[in-house]
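Visitor: Protein chains in written order, with this note's numbering: chain A, 1 to 564; chain B, 1 to 375.
Keep in mind that the hints were calculated from the coordinates and are not lab data. There could be a bad hint or two in this list.
Said to hold, decoys possible - So these bits of chain A aren't anywhere near chain B, every CB distance computed over 12 Å: (1) Gly-92; (2) Ile-183; (3) Arg-185; (4) Lys-468.
Said to hold, decoys possible - The list that follows gives simulated cross-link-like pairs (lysine to aspartate or glutamate, EDC-like), each with its CA atoms no further than 20 Å apart: (5) A:Lys-371 x B:Glu-22; (6) B:Lys-23 x B:Glu-38; (7) A:Lys-13 x B:Asp-81; (8) B:Lys-255 x B:Asp-240; (9) A:Lys-468 x B:Asp-277; (10) A:Lys-371 x B:Glu-269; (11) B:Lys-82 x A:Asp-166.
A quick note: this is a predicted structure, and the numbers were derived from the prediction, not measured. All residues carry an ideal CB built from backbone N, CA and C; glycine is no exception.
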Amino acid sequence: MKSSGAKYDIFTKLALLLVVVIVGFLIVLPLVNILVYSTQPSGSAIVTGAFSDIVTREIIWNTLKLGVAVAFLGTVLGFIMAYTQARVEFRGKRIFHVINLVPIISPPFAFATAIIVLFGRSGMITRGIFDWRPTLYGFPGLVLVLTLSFFPIAYMNLLGMLRSLDPALDEAGSSLGANKWRIFRTVTLPLLIPGFAGSFLLLFIESIADLANPIIIGGNYTVLASRAYMAINGDYDISLAAGYSSLLLLPALIVFLIQRYWAQKKSVVSVTGKPSGRPTLVTSRFAKSFLLTVTTLLTSLIILVYATVILGAFVQIIGVNNEFTLSHFQYLLGGFANAAIRTTTFLALIATPIAGIFGMLIAWLVIRKVKRGSEALDFMGMLGIAVPGTVIGIGYAITYNDPVKIGGVTIFPQVAGGAAILGGSIAIIMVYVIRSSPAGQRSGIAQLQQIDPAIEEASASLGASGGKTFRLITLPLISGAFLSGLMYAFAHSMTTLSPIIFLVTPDTSILTQKILAEADQGRYGNVFALCCILIVLIMVIGGLINLFVRRTQVSVDRPMVAGR
Amino acid sequence: MSSKTGSLRVERLTKEFGNGKEKVVAVHKLSLTINPGEFVTLLGPSGCGKTTALRMIAGFETPTSGEVLLDGENLVSMTPDKRPMGMVFQSYALFPHMTVFDNVAYGLRIKKMSSAEIKSAVAEVLESMSLSHLANRAPNQLSGGQQQRVALARAMVVRPKVLLFDEPLSNLDAKLRAQMRIEIRNIQRRLGITSIFVTHDQDEAMSLSDRIVVMRNAVVEQVGNPDEVYRRPASVFVADFIGRSNFLKVEGAKKARSGKASVVVGGVELEVAAQEDALTSKHPVLLVRPESISVTASKSAKPGKSEGVVSNVVFYGNHVEYTLNTDEGVILAVVSDPIYEEIVPVGRVAKYSFDEDRAWLLPSESEQATKEDQE
């Protein structure tokens, strides 16, 4: 029950205004500009020819086919992994779980390049072991790489649902005479349908939005994101890019809306609070060996990919010349990547707290304060992740390569491009913030929903103002969500690529963009070394953020206990 | 610290949710005057508007119309943190990241009291509620009853002019609930703080209150002290909601010379007290509480006047409950301290009787309902 009747206090009003302004400039304006530019001749030709023009139609078909294939395979794999994790007893369960989650914060290209090295035409496994020379470039390679990269989303989603299923449902089924297979078919699976739908749609959005992998491993298989990228980098036609972006934006937003407001509401999984027993475990030998085989294969594959990345960084050319060398690191740290490491880390560190606080603020407004239109506010906050990165990047390039003017008056300065203030770094920070605040928003909302609103009312009835209650009660209670929001924001900012490609300038060299350049040149040793550097940076600085936030939390608490 | 302040007046307080066809009236023109130090309970079934009324008084809901006046000052435009009221929540709402001490000290720190003052004030209130040994515990390390006492201590320590209770005992088990009832009442009497208590539990309302406000479908059905709402309920609904009731069919209701009503029940003419609308009602009913009815065995095989067939008997040791089928309707009778051998068995005819002073004539429910709809 939200305080549906109380008027907004001044703190709430200011917070709302701030959110609307930030969302307006960071995402709404660039999107509006995409739509505006796509009405210019070369863009509108693409949009109006979407179904009649053979080339455009094929690009759209390629995009949708890729989306459906990855969404289907990823959901199936995610479910098998989640079901095994929840219902099968085996050694090393925890480790399997952690390894399954690793791809979520993986640097771009790590999978694509490692898969090429392992399974490509001259792959260490395909050619080295089986003397087989398959072609990975194109649809099959993309499906393989994207499925591996995105299945953890389905895995987490379905694992959460499986764990919240009341074990008593299974027990009720078996006391009514159903065997385990029947219970699985008639109780477990139907209850998970919304989870399957949700995972499918999320994976669909992620795969049609991806840009990095189609560039590296797509070959002649062109999708909307890579075509829009080429429109900027090959045709130098902004309107054309805007046209392809609009075509990509539409399905992405529609599917996102369906996922959030339909699939999630269909969920019938009840959180009872008190699990009334232990989940029934899989005992059938056949089912168990099937599940464990799939799980082990997939987990091994992930380990293999990361082993390739790490080994590849320390040898001359992995699979060809496996001689130990530090030359990649010497080259990168000897000047090639130093500026990129510094700039990327610095900009990500600036964006992280802004994104974290922004996400918490929206979560708090959505759950506690806004009565009418809370869903619209929630949606606005989620736009940054709903809109494909390619579209955001092009939208920024259109909008912020010049000052934003209304009637000749500048209301927002030029922040993107080499001629912008601070070398265009502000646009990059803006992208980092809007792309990574939705994760904090989600975890903040989840945590706030668990907190009894009466706790904040109690604070008010004891005389604390709105701002004081937020600071003394709400923030400490959602600090867990805040911390995870910060960690995610940092990791995501460090690894994000698609919007950044369009915003890097000579002064703002970004690590992921360096990786793209090296992968494009086929210098995989450098790619692997850069991935290692990125992973180490995320782990070390993420750990420091964790320590720092925990430390300040304690010092915030201390004055409150001084009275003892 | 008993004081003369804390007089609360509620004027035509109304709350509507939604608008147009979906409009729901949660509270309709609630008017009430509560004297300093008085303990008033809002009682009613769930959805009757009692919690919404309390939340409007606290400031968590903005009234659609109406006023809340504390010692003459209108509070409606004041946010909850500015109102000199303390609230005890159904879920206790203890701050989970603070110790018991810090929870209780919270309001005092907001008031910017010195830490020495805070320390002694908190120590005093914890002592008075036997919570001193728990001062450094976290809320999740306490039992339900202890959490309840901390919530009460936290609300009281800031010395509010009004204490508001939102079903604070509903999460406790029966034994603890009875114990906390006594504790709350004792503390409230000692401190003399004006209190409003919301509950759907009639036992709580009866045992705690100076006055009870019975609510139903957003409106007040009756305001009265516990004896009045029990013995002289304003409607069949109130009679039914509070305690158990028999509503007997009556004939020939008319005004008696004494000013009371004269009715015939089971062929016997009685003079009974009556609710003001009862005599104009087409089909008045006579309220007789089960414990007011005595039952004795009858020799006849067929029931005569004031007699009925026993259809059910339940023996509880300290009392026995009869269900009788009579011409006046099904009658429930509770006979206390029964002699086992004298209990009338099922299927036999029994004679029932009651003191006319213990009866109360009411208009029938359906007539009252239509009257309300017309308003």
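Visitor: State for each hint whether it applies.
Guide: Hint check:
In this structure A:Gly-92 is separated from chain B by more than 12 Å, as the shortest Cβ-Cβ distance comes to about 33 Å. Here A:Ile-183 stays apart from chain B, with its beta-carbon at least about 35 Å from theirs, past the 12 Å limit. Annotated as non-interface, A:Arg-185 keeps its C-beta farther than 12 Å from every C-beta of chain B; the closest such distance is 40 Å. Separation of A:Lys-468 from chain B is inadequate, the least Cβ-Cβ distance of about 7 Å not exceeding the 12 Å criterion.
Annotation: proposed proximity of A:Lys-371 to B:Glu-22 holds, straight-line Cα distance about 16 Å (limit 20 Å). Under the criterion of a C-alpha separation no larger than 20 Å, the hint pairing B:Lys-23 with B:Glu-38 is inconsistent with the structure, at around 34 Å. For a cut-off of 20 Å, the pair hint linking A:Lys-13 to B:Asp-81 stands: about 17 Å separates their Cα positions. With a CA separation close to 25 Å, the supplied pair B:Lys-255 and B:Asp-240 exceeds the 20 Å bound.
Between A:Lys-468 and B:Asp-277 the alpha-carbon distance is near 54 Å, which puts this suggested pair outside the 20 Å criterion. A threshold of 20 Å between alpha carbons decides the hint, and for A:Lys-371 with B:Glu-269 the separation of about 61 Å lies outside it, so the pair is violated. Under the criterion of a C-alpha separation no larger than 20 Å, the hint pairing B:Lys-82 with A:Asp-166 is inconsistent with the structure, at around 44 Å.
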